[in-house]
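Anchor point for the sequence shown: position 160 equals 160 in the UniProt record's numbering, and the numbering is continuous, going up by one each time.
Hint data in this document are derived by calculation from the structure and do not stem from the laboratory.
All of these numbers come straight from a predicted model, not from anything done at the bench.
Worth double-checking, as some hints may not be accurate.
[Unchecked claim] Mimicking DSS-like on lysine-lysine, the simulated pairs with C-alpha atoms at most 27 Å apart in a straight line are:
no. : residue 1 : residue 2
1   : Lys6      : Lys74
2   : Lys92     : Lys74
3   : Lys74     : Lys197
4   : Lys169    : Lys181
5   : Lys95     : Lys6
6   : Lys92     : Lys6
7   : Lys109    : Lys169
8   : Lys181    : Lys197
9   : Lys92     : Lys197
10  : Lys181    : Lys107
11  : Lys109    : Lys181
12  : Lys107    : Lys197
13  : Lys95     : Lys2
14  : Lys107    : Lys169
15  : Lys2      : Lys197
16  : Lys2      : Lys92
17  : Lys197    : Lys6
18  : Lys2      : Lys74
19  : Lys197    : Lys95
20  : Lys95     : Lys74
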Amino acid sequence: MKEVQKNSVSGIAMLLLLIAGFVVNTVAFVAAVATQNEVLIAMTLIAGFVLFVLCFGFNMLEPNQSAVLSFFGKYVGTIREQGLRWNSPFFKARKVSLRTRNFESSKLKVNDLDGSPIEIAAVVVWQVVDSAEAVYNVQDYESFVRIQSEAAIRSMATSYPYDQHEDGKISLRSHASDISKHLGEEIQDRLNTAGVKVLESRISHLAYAPEIAQAMLQRQQASAIIAARTRIVEGAVSMVEMALSELSKRNVVELDPERRAAMVSNLLVVLCGERSTQPVINAGSLY
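All chains should be built: construct the whole structure from the sequences, respecting the hints.
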């Protein structure tokens with residue numbers, strides 16, 4: 001069910017008309033009683049009752065608020081004009097806030113793409129854009145938003161690994177913008193039927209589950225050490241290659257294969273070692 005805009009009467013103008021109507025009706029009633037005109041008395045009583053019923057047609061709408069109108073269960077339209085408005089007193093009005101709202105999900109325990117248990121939570125910023133759908137398509141749109149958002153978070157978390165194991169592969173921890181975009185799209189797909197628009201979604205908490213947190217920390221540390229060692233070795237090989245190339249190019253010294261191998265070995269030990277090395281001067285010959 002799509003929202004249909006309905007025009008309403010200015011509440012101030014209608015209030016003035018009703019006041020004038022009550023004044024005129026009261027004067028007519030007094031005159032009818034004074035003249036003992038039973039027909040006029042009956043007419044003024046009926047008119048007074050009608051004026052009284054019309055007083056129940058007023059609605060006060062604040063900025064960013066709408067009212068969904070129904071007539072004996074049938075949807076007739078939505079009003080969004082702020083201030084004091086008037087509609088038929090037989091219309092039932094249900095007010096809906098159009099303000100931007102947000103909530104943070106609880107910490108959900110799920111398994112990532114690798115099967116590792118993780119804890120994840122997200123903040124979702126949302127707004128009602130279709131009042132009729134929010135009221136009539138779901139029982140309670142606020143509860144619907146929360147439940148469907150948490151379901152989308154669970155679904156998204158199982159689609160990616162926690163850590164990036166391969167270059168270019170999206171992971172929960174290292175690709176926040178991509179993950180937020182995917183999460184927003186998945187939540188929006190679930191909330192379209194409720195007339196709700198997702199303005200923003202982002203992960204607010206992400207961690208391994210306590211039972212495997214220590215083991216995963218050790219794995220992360222090992223991965224970091226391996227990456228650092230790889231970088232050091234790559235740099236050391238480049239430096240050794242440059243040193244041998246420069247020595248050969250400038251004819252500083254002629255090295256046979258055995259001495260070249262010894263030099264490479266010594267340089268790699270110096271460059272790749274964790275601690276500073278102590279030089280040893282060889283006063284003799286290698287042969």
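Does Lys6 pair with Lys74 here, judged by a C-alpha cut-off of 27 Å? 14 Å, holds
Check whether the Cα positions of Lys107 and Lys197 lie no farther apart than 27 Å. Distance ~23 Å between Lys107 and Lys197 Cα, so the pair holds.
Under the criterion that the straight-line Cα-Cα distance not exceed 27 Å, is the pair Lys107, Lys169 satisfied? Judged against 27 Å, a Cα distance of about 25 Å means the pair holds.
Pair hint Lys92 and Lys6, alpha-carbon separation not exceeding 27 Å: 14 Å, holds
Between Lys2 and Lys74, is the straight-line Cα distance small enough, at 27 Å or below? 13 Å, holds
Restraint check for Lys181 with Lys107, where alpha carbons must lie at most 27 Å apart: 20 Å, holds
Holds or violated: Lys92 and Lys197, Cα atoms, limit 27 Å. It holds: about 26 Å lies between the C-alpha atoms, which stays within 27 Å.
Proposed proximity, Lys169 with Lys109 (alpha carbon, max 27 Å): At roughly 23 Å apart (the allowed maximum being 27 Å), Lys169 and Lys109 satisfy the hint.
Is the hinted pair Lys95 and Lys2 satisfied, with a Cα-Cα distance of at most 27 Å? 16 Å, holds
Is the hinted pair Lys95 and Lys74 satisfied, with a Cα-Cα distance of at most 27 Å? 16 Å, holds
Is the hinted pair Lys95 and Lys6 satisfied, with a Cα-Cα distance of at most 27 Å? Given pair Lys95, Lys6 holds - Cα atoms ~14 Å apart, limit 27 Å.
Given the hint that Lys2 pairs with Lys197, does the C-alpha gap stay at or below 27 Å? Holds - the C-alpha atoms of Lys197 and Lys2 are around 14 Å apart, at most 27 Å.
Every hint, counting from the list given before, is met by this structure.
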